[in-house]
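A.B. asks: Could you slot chain B onto chain A? The hints should help.
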Amino acid sequence: MSLLKPGTRIALEGNSGSIQIISKLGEGGQGFVYLADYNGQKLALKWYKKGVLANPENFRQNLANNIKEKAPTADFLWPLALTEIQDGTFGYVMQVRPQNYYELSDFLTGKHEFASVDIMLKAAIRIVDSFRILHNRGFSYQDLNDGNFFMNPQTGDIFICDNDNVSQFGANSGIAGKCRYMSPGVVVGRKVPDTRTDQFSLAVVLFLLLLRNHPLEGIMTQKSSIMTEQHQKYYYGEHPVFIADPEDSSNRPVKGVHNNFIRRWPQMPFYIQEAFQKAFSKSVMYQDKIGVTEKEWLQHLLRFRAEVIQCPYCGKETRYDTEGMPCICCHQSIRSYGWMQTKYYKIPVFENQEIVEAYITDCYDHNESSNLVAIVSLNKDKTKAALRNKEQVPWEIGNAQIPPEKLCAIPRGAKLILKNEQIEIV
Amino acid sequence: MDNFSSFLGAPEAIPKRVMPFFFLIDTSKSMEGKKIGAVNAAIEEILPDLRRLSDSQADSEIRLAILKFSSGCEWVTPSLISLDSFDDWEPLVADGLTDLGYAFDELNRQFSENGFLSRSSASSGFYAPVIMLLSDGDPTDDWYGALKKLQNNKWYQSAIKIAIAIGEDANREVLQKSIRNPELLFSVNDISNLKKVVKFIAVTSSQIASTSAAVGKENPQQSANVITPDATEEQIVKNVRNSLDDFADFEPEPVPIPASVPLSPPVSVPPPISELDSTDDVVGPIDEEDW
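Sequence order for the protein chains is A and B.
Here the numbering used here is used: the first sequence runs in plain steps of one and ends on residue 426.
Here the numbering used here is used: the second sequence runs in plain steps of one and ends on residue 1291.
This is chain A alone, in the form it adopts within the complex (with noise of 0.2 Å):
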């Protein structure tokens, strides 16, 4: 039985208890997802509908080794507990979807939207980490796509689910993805999913964020009439142009249509636009060469989001990466506290900038592109920055000691070590 009613009980694996049906929460292509009750505490069960699994054993077998290994980290909603076989199908376990969390489709289609820039930034910069972690542990994703992953619109937190066609590196789930969001070279049949294709679907859902059209829809998927799945495996596939290309003008955007594109990329930083343009590049597409990998586009989207920053005179969010540099909205000349030169990154000193770890240190291994070391803080007449401490821990600067949630002067020319690094104010 594929449909549950409420109120029916599944059996958890290996004698864990069982688990009573509440409510129906969704519909995918392979099952159906319930809102269930578990000794008191809600958890959602991911139901498959029968016969969908090219190989349900192979799979079955995946999703417990995938919940032996937990989760990479707590932005996944990962498999917890498999189900017990229960007419010829089966499910999975995990933990329920906070509120205020949407899909990138509700983004794409204008019924929500970020904050801000920086939030989006921000959100971009836990998916693309999430799925650095993920592989770093020798998983690939499989089926990355727009309904993968939710964010909050206001505070570009995330959560990662659908990880049941997570597989270590080499093993394919049988999954072959969405067509719009998957290599070139695993829609043609030339390769099957793996921690590359993984990465080129992580480029695409980075370019919808940002730029809101897709990367290899211009004139020539414009001109076509009828999207067939032959059509859609030439375009995506055999044939696919990034709208782009700096070589090839056969797929540029068209005004009245890809309008986000063409208002949009020129605001993009050269290092995003040639980010972009490698990822989607005739050699990344044609020949499966490596693309953009994770820590790369992390260190272009950090160094993006430092470069945002909300004018002093308009109140709109601008991007300032020389001093003096107009308001992109207002054209007010901008000034700034100063700025943050750390050993990777050279961050304009503005009021509530934060500084994650990952712009002192260069580890990359927990989630610091995301971990909080300081925020800057103006005085009250707005003539002075200072950074916050928002570590556990004090800060050792010079002989004096810097509380949690206290305040660290830093005028010009001042130099100090946080997480072992130096940092001079320039």
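Derived by calculation from the structure, the hints in this document are not laboratory data.
This one's a predicted model, so the numbers in the text were calculated from it and none came from an experiment.
Take the hints with a grain of salt, since some may be wrong.
[To be verified] Which chain A residues face chain B? A few, computed with CB under 10 Å, are given here: (1) Ala11; (2) Ser116; (3) Lys415.
[Stated by the list, open to error] With a Cα cut of at most 30 Å, we get these calculated DSS-like pairs of lysine-lysine: (4) Lys316(A) with Lys346(A); (5) Lys1149(B) with Lys50(A); (6) Lys5(A) with Lys1195(B); (7) Lys1154(B) with Lys223(A); (8) Lys1199(B) with Lys223(A); (9) Lys295(A) with Lys415(A); (10) Lys50(A) with Lys1199(B); (11) Lys1195(B) with Lys50(A); (12) Lys1177(B) with Lys5(A); (13) Lys316(A) with Lys282(A).
[As the list claims (entries may be wrong)] The following label-pair restraints were derived from C-beta to C-beta distances: (14) Asn58(A) with Asp1169(B): 21 to 31 Å; (15) Phe1007(B) with Thr155(A): 40 to 50 Å; (16) Arg1180(B) with Lys223(A): 19 to 29 Å; (17) Lys343(A) with Arg1241(B): 53 to 63 Å.
All C-beta atoms, glycine included, are put in the ideal place defined by N, C-alpha and C.
C.D. replies: Leaving out everything else, chain B in the frame of chain A:
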């Protein structure tokens, strides 16, 4: 739309391709009573489901056209219409002959640049259409000749074709010939199940046809001139067949509407900075009181 005042501007909704869904409904005399009643009820319930599906997808917009055939044929919808504009319709009444050939001829006319699938009606173009044929009887006209003509139509070739045989007397052979994948012919003998089955298949097939093509594996080689949606049809079969066994139990749960997101507070505009480079400070702790 939340606050998004920045150098990137507020984004527009991403352009969507249109996924056309065509119902071909037998309204001949033999459909009278429970059968046509169940069909009407099914369509009525399918509309909000398809609307919700269409709204939630970033890839495609689902549009609908309904053609009824009895003695001759007639469009119930004025054209291929957006689901938002289709909120009221006259329930179908059964009477007359079973002129399936007329319906095929009419479909052939509309499956063209000058018909319902004109490019000007969908700025980003179309996905392959889904056609669902519902009938209970024997056609009374030259349906086969009309079908042969229709089969040369490129749009028809690319379409995902599904047939529902209503009642034990339905001519399954005719319906079988009208589709390509024999597993997409569904028989409903118990009329009390008709509404649920039609609804389930219509929504599932729309979902699959409008979100992804299952390319990448097991895609048979096609001859250059014929466009077929084999992999998509295969995926629909997989998704629908296994769920139909226990259909009598099926009662879908309503999906909760997510709570709306509060807007962020208004942005305060700071005064211009007057004394930026004051030199009297040194790096070190600050007393919050004086700050």
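A.B. asks: Run every hint past the structure and note whether it holds.
C.D. replies: Verification of the supplied hints:
1. Ala11: Violated. Min distance 19 Å.
2. Ser116: This hint holds: Ser116(A) lies near chain B, its Cβ roughly 7 Å from the closest one there, short of 10 Å.
3. Lys415: Since chain B brings a Cβ to about 7 Å from Lys415(A), closer than 10 Å, the hint holds.
4. Lys316(A) with Lys346(A): holds, 22 Å
5. Lys1149(B) with Lys50(A): violated, 38 Å
6. Lys5(A) with Lys1195(B): holds, 19 Å
7. Lys1154(B) with Lys223(A): Given pair Lys1154(B), Lys223(A) holds - Cα atoms ~17 Å apart, limit 30 Å.
8. Lys1199(B) with Lys223(A): With a Cα-Cα distance of about 33 Å, the restraint between Lys1199(B) and Lys223(A) is violated, given a limit of 30 Å.
9. Lys295(A) with Lys415(A): Within the cut-off at roughly 28 Å; holds.
10. Lys50(A) with Lys1199(B): holds, 19 Å
11. Lys1195(B) with Lys50(A): Holds. Lys1195(B) to Lys50(A) sits at ~22 Å (cutoff 30 Å).
12. Lys1177(B) with Lys5(A): violated, 37 Å
13. Lys316(A) with Lys282(A): With a Cα-Cα distance of about 37 Å, the restraint between Lys316(A) and Lys282(A) is violated, given a limit of 30 Å.
14. Asn58(A) with Asp1169(B): 21 to 31 Å: violated, 45 Å
15. Phe1007(B) with Thr155(A): 40 to 50 Å: violated, 22 Å
16. Arg1180(B) with Lys223(A): 19 to 29 Å: 27 Å Cβ-Cβ, so the 19 to 29 Å window holds.
17. Lys343(A) with Arg1241(B): 53 to 63 Å: holds, 59 Å
Taken one by one, the earlier hints fail for this structure at numbers 1, 5, 8, 12, 13, 14 and 15, listed in ascending order.
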